[in-house]
Each structure stands twice: as structure tokens, then as C-alpha cells.
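Student: Letter by letter, the chains look like this.
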Amino acid sequence: MPNHFLGVEGACVSFGKRDAQVRALRGVSQFFERGTLSLVMGPSGSGKTTLLSLLGCLLSPDEGIVFVDGVAVNGLSEAERTGVRQKKISFVFQAFRLFHSLSAIDNVALGFELRDPTVPGRMEMARDLLVRFGLGEKLNQEPYELSPGEKQRVAIARALAGNPPILLADEPTASLDAQAGRSICQLLRSQVDDEGRTVVVVTHDPRWQEFADRTINLCDGQVEQEEKKP
Amino acid sequence: MKLAWQNVVHDRARFSVTVLGVSFAVFLMVFQGSLLTGFLQAASRLIDASDSDIWITARGVQAFEFGTPIEGRIREMAAGVPGVLETSRVCMAFAVYRTPNGKQQVVALVGADSNVGKRFPVPNAPGFAYGMSPDAVLYDVSDRDLIQVTAMPAEVEVNRHRASIERQIDGYGAFLGVPFLFTSYRNATRYMGFGPEEAMYILLRVDRAYSISDVQQNLRQRLPEVDVLTRDEFERKSRTYWTIKTGAGGAILTAAVLGFLIGLVVVSQTVYANTMENIEEYATLKALGASQMFVARIVLTQALICGALGSVLGLLAVVPCIGYAKSLIPWIYTPWWLLLVMVLPSLAMCSMASIASVRSALTVEPGRVFRA
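Top to bottom, those sequences are chains P and H. The numbering used here puts the first residue of the first sequence at 1, with every later residue one more than the last. The numbering used here puts the first residue of the second sequence at 1001, with every later residue one more than the last.
No lab work stands behind these hints: they were computed from the structure. Among these hints, one or two may not hold up.
Unchecked claim - Each pair of labels, with its calculated beta carbon distance range:
id, chain 1, residue 1, chain 2, residue 2, range
1, H, T1363, P, F31, 28 to 38 Å
2, P, P230, H, T1363, 41 to 51 Å
3, H, Q1269, P, N163, 39 to 49 Å
4, P, N163, H, P1320, 54 to 64 Å
5, H, T1363, P, P117, 21 to 31 Å
6, P, G16, H, G1247, 55 to 65 Å
7, P, T118, H, Q1269, 51 to 61 Å
Note that this is a predicted model, so its numbers are computed, not measured. Glycine is no exception: its CB is placed at the ideal position from the N, C-alpha and C atoms.
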């Protein structure tokens, strides 16, 4: 009996039509256990980001089932899938995707607001989170004033606002230097170890393997290889 | 909604252009609205100033300024109708006025009986009469340059009759570009060459024990050769003539609508450009779990912020400008409610302007967040 906390079963996804059709995923079945850090690796066009989009309720499969927190989400309406993202899933992006007009603290406070518009003390919670991430001096800086590593820390803080159980990261260290990249790897690992979050990272970066519980290699929309740490 | 505010003010140049666009639209709408309101008031000012309930005019008279003679005996006939308490007469005709220094000027000469109404400018009426001769002539202070009187009383000529300008009044300035002169009915008919058997407007006050419409119906039956109108009806008729039939109101209204459209285009353009520039952020918001309502609210709030600030700026600019314009267009009038009411179309304008932007923000695919 597979653990259906987070995963896809027999997922097929195609883009385009007729001759231009690209089969991004071909019957992929993968499940991610609660409280683990999993890597999804593979060459460009192998279907990594498509898999992440399915897990993040940003895309529906042509065939197959997507499970989030043990519930099949395929049949849900767009509004219901937005609700699932709001409550359970968060994202970290390669390009950070911070709101350019907001300061670091406002970006994180907005993360809290998006999770629960009624929650009081958003600014205080955002401040605490940023201080914990070593950004206490940068609270009121706008994104353009931050280094890439700092931007990614703010983005992770925003993603963790409201305490979502699932964190999906797309190439989170691709834009960072070695030191900043390693620090982000440690930060996400600590989220698994200390907070029990489930983290799925799509990456080309081999540095991640040291921090991961499991690595899935995709090729041409299929699972080519799967490694699990003992 | 901090995001909405920050998005708007972050690009100061664009924000300034948007706010200026809205303020220009508000300025134009309030200015044109003031012209229209003042024009409507001026078109029926003398009718409003009478205390009468019913006006009797020649058949087909469209506006106060274009009265034609009726038989004088109609006054006696109307006075005999049950419910008619009091009658008075008003006449108006264009006349040639010769200034004290010999220059000629066309004027609109208005004559009225002293009982026509307390607000009606008649030299022999109670409130106006003090210190004036019964044949005195009054003019509006805004027409000083046209009347060219330096000291009062001043001997002038009206249709080659001697007349005495004795006082300035306020609020009855030139509406047709021709200054009004006010005098007694007796005097006016003399200047106009009216015979005693002629009249122009016969005004009736109705006993409160009678219904005005019943008296009007009775008069219509007895006097089929003239028009019998309530004061409100004659007011409306005059206003309709000047604003619709002459096209003047249409021109003013068109300018106001143009102001609205200019504002709409400016705000649409800038709000849309702002939305498209930030479209990736809307995708991020949606990926992070923002509802459609939340996204729409941000775009709409941005437009409304521009609308509110633009309205305030527009109102701050238009009030002194209208004050200055009063010296050139004495009948321009801005009621206090116009200033408040004009904020609504400007906010509506901004809301309409944001429709395309809201659509774009709502239809953006959250899945695009993974594109680097």
C-alpha cells in the first residue's frame, strides 16, 4: 500500500496538438513520504517541472491521479485547487519571484495574508521568521537591494509563512553561488528535520544529493532511476 | 492591500501620469458641469425669480427671451377666473442702449410690475425702491464694461428715450452676451413702444385654497388663444430650448463626456500597462494561493487609488479656476453637490478602466511561475 500523502499515480501530461504534441509525462507513478526531502533530477525536457506543477495543483494530468495530503485533487475545480495550494502547498522558485514593490518584511507578511487573511500580527510573525533566517538587518530592504542568496531566503521565508506542510522548490539554488546555495540546501533540510515538512526539489545541482532522502531521475517523461538513502 | 498601493507608487512617473489624467478628466467634468448647471439656471433665472404660480404667454413661446405680444385684455379675463389671487405683468425686448459717452449697445430690456416677486429685479419693487426714482433702470455688476456707467445716477438712452441708470444688482448678468436692463413695466412698455392694449407675459398668483392645476385647466379652457403654463413648466420649456434646441447644452455635455473618455483612456492605458508589467507577480500570487477575488481586488484598488487621488487633485485645481472664470462667465455656477457627485463618475471611470487589466490578471496561468 503506497503512502498517498503526496504523489502521482499513472500521470500522463501532453502539451500541444497533433504533430506538435509533446508528451511531458508518460504514466509516472511516484509518491513522496511525509517529512522527507526528495530530489527530482534529469535533463531539460525530462518532465521535472511538469511533475512539480502536478504536485503543486498548478496543472491537471491528462490521465492519472494526483494526491495532496492524501486526497485526490484531479477532480477539483480551479477554486478548490487554489484552496489546496493556499492551505497546504508552498513554492520556492529559481527566479525568487518576490514582489518587487514590497520590502522583505512585507513580502513575508503577504505570505501570511495569502494563507489566512484574518490572522493577526502578520508583521510580527514575518519579522520573527526573517530574523530566524538571519535577515534581521534587511527587513525593510526592497528585493533589488538584496543579494541573490538573501532574496532566496526571503522567498523561503514567504513560502513558510502560515506553516504549509508541503514545500515545492524549482531549481532553488540555480541562481546562487556555492556558499549561498549550500546555505539554502541546509535551510530546506532543516525544514524537514525540525518542522517535519515534505520538500520536493527539482534541480540539476548535484550539491543537493548530500541533503536528500531520495532522488528520482526522470528522462523523456518517465522515471529512469530512483535512489533512496538507507 | 499594501501590495496595490506599493505597486501604484513604485513607478512614480507612471503614477503621476495616471493621477494627472484622472485630475484632468475630473477638472473637465466639473468645469463643464458647472457651465451646464449655470447655463440651466441662467436660462430660467427670471422665471425662477417671480413669485407667480402661472405664466400666460403667447402661443408657442419657447423661452423667456423670445416672448411675443398678447392682448392686454387677457389679464382682466384671467383675473376673473376663480382661484386667481393676483396678476402682474412682465415684458422683455431687445433695445438699443446709448452709453453716456455715446456708444451704442444692444441690451435685453426687462420690465415688470412691482408685485411680480421679491427676488425679481424691479426698481419700484419693495426692497429695491429705496432711494430710486420710479423710472430708474438697473443693470448687473458683471455687465459694467458693456454699460459703461462710471457714476450713478447716469443719464442714458434706451430706444431713444431718456433713462436713468441708478443701481447695480448682482446675479442677473448677461446670458446671451447682451446685458440685461431692468426697469418698471410702465417704463419698459414706453421704451419698447408697446400700446396699452398689449402685454407679453401675464403672471398669476393662485389662492392656496385652489389647486394650481385646476386653475390652469380652467384658464386653458377660457383662454385658448394663449399658452397657460405653471412656473415649473415654463422654466423647463426655457431650459429645454436653450440647452437642447440651440445645441448649447449638447456642446457643453459633449465636452464633459469627452473629459470622461479622455480620463478613461489614460487610466485604462496606465493601469493596463502596470498590470501587464506585473503579470508575473499576479501569476505568483495565484500560485501562492491567492483567490481570484484577491487578485481582482488588487488591480481594482490600484485603479481606485489613482481615481481618488486624481479626483482630489482635479477638484483642488478646478475650484479656483471656476472662481476666476466667474469674472468672464458670470453665470457659471458650481453647486457644492456637483463637486461630490463628480467623484463618483471618476471612480466609476477608474473601475471601468481596470476591467481589461482585471481580466488579464485573472486569466494568467499560475503554472507559468516555473518559467525562469
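Student: Against this structure, judge whether each hint is valid.
Tutor: Do the hints match the structure? See the list:
1. H:T1363 with P:F31: 28 to 38 Å: With a Cβ separation near 33 Å, H:T1363 and P:F31 satisfy 28 to 38 Å, so the hint holds.
2. P:P230 with H:T1363: 41 to 51 Å: holds, 48 Å
3. H:Q1269 with P:N163: 39 to 49 Å: The hint (39 to 49 Å, Cβ to Cβ) holds, given that H:Q1269 and P:N163 are roughly 42 Å apart.
4. P:N163 with H:P1320: 54 to 64 Å: Holds: the Cβ-Cβ distance is about 56 Å, inside 54 to 64 Å.
5. H:T1363 with P:P117: 21 to 31 Å: holds, 23 Å
6. P:G16 with H:G1247: 55 to 65 Å: Taking Cβ atoms as reference, P:G16 and H:G1247 lie about 59 Å apart, which means the hint holds.
7. P:T118 with H:Q1269: 51 to 61 Å: violated, 36 Å
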